Amino acid sequence: MTLADRIASYRAILEEWLRGLYHGMIAHPAYEKIEAEAEDLEDAFMLACFPDAFGIPSPVSYYTAELLPYLEDEYEAWERRLWDRQSVIERKGHQYHF
Amino acid sequence: MARFVFFGGKGGVGKTTVSSAYALECVDAGLETLVVSTDPAHSTADVFDQEFGDEPRPVEGYEGLSALEIDPEREVQNHLLDLRKQLTSQLSAAMVNEVDIQLEMAHQTPGAYEAALFDRFIEVMDSADPYDRVVFDTSPTGSTLRLLALPELLERWIDRLIHKRERSIDLFEKAAIGNQEPRRVMDGDPILARLRERKERFEFAGEVLREDAAFYLVLNPDELSIRETSRSLETLSEAELPVRGLVVNRLTPAPDPHEEGRGARYLRERVATERERLEYIEREFDVPVAATIETRVEEVKGGVLEEVAAALDISAVDGRPRTE
Numbered sequence: 001m002t003l004a005d006r007i008a009s010y011r012a013i014l015e016e017w018l019r020g021l022y023h024g025m026i027a028h029p030a031y032e033k034i035e036a037e038a039e040d041l042e043d044a045f046m047l048a049c050f051p052d053a054f055g056i057p058s059p060v061s062y063y064t065a066e067l068l069p070y071l072e073d074e075y076e077a078w079e080r081r082l083w084d085r086q087s088v089i090e091r092k093g094h095q096y097h098f
Numbered sequence: 001m002a003r004f005v006f007f008g009g010k011g012g013v014g015k016t017t018v019s020s021a022y023a024l025e026c027v028d029a030g031l032e033t034l035v036v037s038t039d040p041a042h043s044t045a046d047v048f049d050q051e052f053g054d055e056p057r058p059v060e061g062y063e064g065l066s067a068l069e070i071d072p073e074r075e076v077q078n079h080l081l082d083l084r085k086q087l088t089s090q091l092s093a094a095m096v097n098e099v100d101i102q103l104e105m106a107h108q109t110p111g112a113y114e115a116a117l118f119d120r121f122i123e124v125m126d127s128a129d130p131y132d133r134v135v136f137d138t139s140p141t142g143s144t145l146r147l148l149a150l151p152e153l154l155e156r157w158i159d160r161l162i163h164k165r166e167r168s169i170d171l172f173e174k175a176a177i178g179n180q181e182p183r184r185v186m187d188g189d190p191i192l193a194r195l196r197e198r199k200e201r202f203e204f205a206g207e208v209l210r211e212d213a214a215f216y217l218v219l220n221p222d223e224l225s226i227r228e229t230s231r232s233l234e235t236l237s238e239a240e241l242p243v244r245g246l247v248v249n250r251l252t253p254a255p256d257p258h259e260e261g262r263g264a265r266y267l268r269e270r271v272a273t274e275r276e277r278l279e280y281i282e283r284e285f286d287v288p289v290a291a292t293i294e295t296r297v298e299e300v301k302g303g304v305l306e307e308v309a310a311a312l313d314i315s316a317v318d319g320r321p322r323t324e
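So the protein sequences, as listed, match chains A and B. Heads up, the first sequence is in the numbering used here, so the first residue is 1 and it goes up one at a time. Heads up, the second sequence is in the numbering used here, so the first residue is 1 and it goes up one at a time.
Hints should not be assumed to be uniformly reliable.
To be verified - Which residues of chain B face chain A? A few of them, derived with a C-beta cut under 10 Å, are:
#1 L91
#2 Q102
#3 M105
#4 Q108
#5 T109
#6 I169
#7 K174
#8 L195
#9 T235
#10 E238
#11 E240
Everything labelled a hint here was simulated from the structure, so no lab data went into it. Since the structure is predicted, the reported quantities are computational estimates derived from the model, not experimental observations. For glycine and all other residues, C-beta sits at the position ideal for the given N, C-alpha and C.
Using the sequences plus the hints, can you model the full thing?
Pasting the structure below:
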């Protein structure tokens, strides 16, 4: 193995590490945050659609019921997140990787 | 002149009589007319002595007149059944139960009747092509007229839902990097499609109600009915659906001047109070009194209906009081 090869392989490893580090520290948490935000919005959407699930009568729940057949994934995820979510802080706290 | 004419008012003031009579007048004016009743008690059937159903059916004995009775309860049930059918074809077995409870609940909310009724109204208005005039005999629940003020509110609500959905999908799309598949995609999202379809329906309803509909309120010369009318006038004008006229029904006929005795005295007194109330109505409300109808001894049916129609001072052609 020549010196040039060893330098090249060393640089390849370093590059991979750096990319991983960047992805883990910057990119991934950012996307996670975006996704969490999207989930929050979706929760708000679900709540606006089905407030009667919490005993709040809504004039539109009759119409939004039409959406239910298409909301399988959302509905399940919504319920799961509602159980998870003890408080706003708890949910928002996820974004910080301590 | 407006194609869709709504008659509203408190329960028992004679909306069915007035709207049927008005429909007859439209028929006489050579208009193909449809009477739509939303009263679950269905008095149209009694007025014409015939059974009507969920689909428009020609009224026997009257050329050019059809009738249709909407049963909100059945509409709600149909809606529920339809959704259930979709549910079982779309969802996994595990979710069906969960969602079914939600579905059941949505159809038990206080607004479900009104929503179903409103849906059907829109349908009738949408498929009113064969008729020159559609007369709605609304059910006495105060909410039926309020319901007509709803499209704008519902439109805004649906708008907000669409907006929320769009933003969350947008974020999901952004969160998907590289070769990752986004969790939801904007194109062909069934939820958005559904919501937009709804929005179009509401827009259609709002447009038709604002531009091609006329509202009349039926009342009796008594305190309760006058108060209810003033409330309805307020809600309707708030919704920018102006009322064209009031129909005062069940006025007491005055006895002949030579008549004496207890009955005649009673009638005279009644007539006097009613005149006062009528004056009050004419003075206090901005809406003209389009017709006054005297009370009848018999049930209003067949021949009597034509008499009432003659007393009704709303011209079938331009919708304005004839005497002006």
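> Which of the stated hints cannot be reconciled with the structure, identified by number in ascending sequence?
Replying inline: When the structure is compared with the hints, numbers 9, 10, 11 turn out to be violated.
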